[in-house]
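The hints should help you fit chain B onto chain A, whose structure is shown.
Letter by letter, the chains look like this.
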Amino acid sequence: MNLLHGESLAVSRQGRPILTAVDISLNRGEMLGLIGPNGAGKSTLLRLLAGVIEADEGRLSLEDKPIGAITRHERARRIAYLPQLSEIAWPMSVERLVALGRVPHLDPWQHPSPRDRAIIERVIVQTDLQPFRQRAFNTLSGGEQARVALARALVTEPDILLADEPVSALDPAHQLDVMTLLSEHCQSGQSVIVVLHDLSLAAHYCHRLQLLHQGGTLAVGNAEAVLTPENLEMAYAIAMNQTPEETQSPFRLPWRRLS
Amino acid sequence: MISAITQSRLILALGLSIAFTALLSLLTGSQAIPLLQALHQSFNGGPGIYGLILTELRLPRTLVALLAGASLGLGGALMQSLLRNPLASPGLIGSASGAALGAVITLYFGLAGMFTLALPIGGIAGALLATLTVYLLAGRDAGILTLILAGVAVNAFALALVSLLLNLAPSPYAVQEIALWMLGSLANVSRNELWILLPGTLAGWLMVWRQGRTLDLLTFGEETAASMGVDLHRLRWRLFLAVALIVGSAVSVTGAIGFIGLVVPHLLRPLVGHQPSRLLIPSAMGGGLLLLTADIVVRLLPAQGEIKVGVVTSLIGAPFFLWLILQRKRDMS
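Going line by line, the protein sequences match chains A and B. Residue numbers are given in my numbering: position 176 of the first sequence equals residue 176, and the series is strictly consecutive. Residue numbers are given in my numbering: position 196 of the second sequence equals residue 196, and the series is strictly consecutive.
These are calculated hints, taken from the structure and not from any lab test. Any given hint might turn out to be false.
Quick list of in silico lysine to any residue cross-link-like pairs, SDA-like style, CA-CA up to 25 Å [as the list claims (entries may be wrong)]:
no., chain 1, residue 1, chain 2, residue 2
1, B, K329, A, E87
2, B, K329, A, V220
3, A, K65, B, E223
4, B, K329, A, A136
5, B, K329, A, K65
6, B, K329, A, S93
7, A, K65, A, R75
8, B, K329, A, L140
9, B, K329, A, N138
10, B, K329, A, A89
11, B, K329, B, I316
12, B, K329, A, S141
13, A, K65, B, L315
14, A, K65, B, D231
15, B, K329, A, P91
16, B, K329, A, Q134
17, A, K65, A, V220
18, A, K65, A, A89
19, B, K329, A, R135
20, B, K329, B, E306
Predicted, not measured: the structure shown is a model, and the values here were computed from it.
Chain A extracted, bound-state conformation:
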């Protein structure tokens, strides 16, 4: 049984198709990378899975239960969405913003329990936010802000984390840190769908890749099956410098983390 399963999902805006008959499936503990050129429909697909927009056509189910049969609040507890831009309206402190990630688990007047606090504490440490916890969000750098947004989503402890380009604002070291965090999230039995532009990161960290092109799926599978010269040319109009035939490991990371 798939954790999340979507079939023939279609979305159009003002008569213009954005997604056309996309299938998607996600297993427990899996990290699925959504890749594809700008405008391919990756963010739309993610917003659809997050429940932010509705599909015009198609079926979407969570553990074989139609998504429509799941309450808004249960869905918020089980699926966390991290949008591309972390927009924060008020200069609240990092700690308070991260803590809001527990709200889907709380009743309106219920205060966070010791367990909630422990989770918040753990995530703040994991995401390296300890030094800034009292600082106002607007005083942080772009990379620090991105980590706050990620921490807010992780604190929800969702079954599925949907992350839209979570590393695009980060320096290489923090890119690796965030990808490692997402991997760890999967190792504990939870799943991640992550939109990435960096194909090396995608190939290295994701169990499977789904390549979107012009609103449809061009290829899905492991990195070797998806990142073929033909697919890359078709989707991105690029060519690899080395084809898989010329080297044994075409998907080598261009950098590694120095402690």
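The following block gives chain B in isolation, referenced to the frame of chain A:
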């Protein structure tokens, strides 16, 4: 948690200030009254001018100032949080101008003179109608900018209609009555006004009970809030209706009173760590405190006839708001 202590301290400080100011309000007026004697008279039911002044005039006036001010402060905090804009005021979605138009219509056609409830009913109906128009104009999936623009349009239209009625008013007396009402005043408030104010105010307050966390989630933007379980349409509807009720009721009783809804949340926001849910109760208390204080100032000003309290709040509020903006500019640079 340090912040929670700060918030309860803030609420305590506001509560004490309100108690002190309310006492001052009971003692302030053209007729000096000995409080103990007045209390004695009013509780023992015996006839006495002091007791009458206290229970029929000063107490209702004090309570109306607190309730109406609280509604304006709360309305401001709600709108600023909902629209994620520190410049939003409770009148932005049409509630205040709609209420003014509704009330002025009853004055223009002489309905207000025929039965007491006409003016407040007209005001609340006007507020609801204007707010509904803004909501429908903007559409179900409107962005914040569309909502604000629709609000600006409806406000402008309602105020144009008010001007038209002023223009067409049958007699100079009617013009004066409308114009004076528009200035905003608590001078003629009695128990009746208190009873008129209460139902809409309480209904509106109840509607926003427990909405604080939802407003907190809106801090992340509407899409993220939706993914965290917020039903945006319901929230908007609920807040629009609540603000129309509380601001409509307040404006119907007091006339147009500017700047409280804008300034009070602004002033208190840094004190609660900018968190929307923590801002609601202090804003309501601060709004009540500010309107009551302004009303006391009005009573103390030596003037021929009272200066209207709406004039005072705007006179103090506008420069103060400018000062806030300059502060912010300095903080930013």
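For this session: List, from low to high, the hint numbers that the structure doesn't satisfy.
Result: As far as the earlier hints go, 2, 5, 13, 18 and 20 are violated by this structure, in ascending order.
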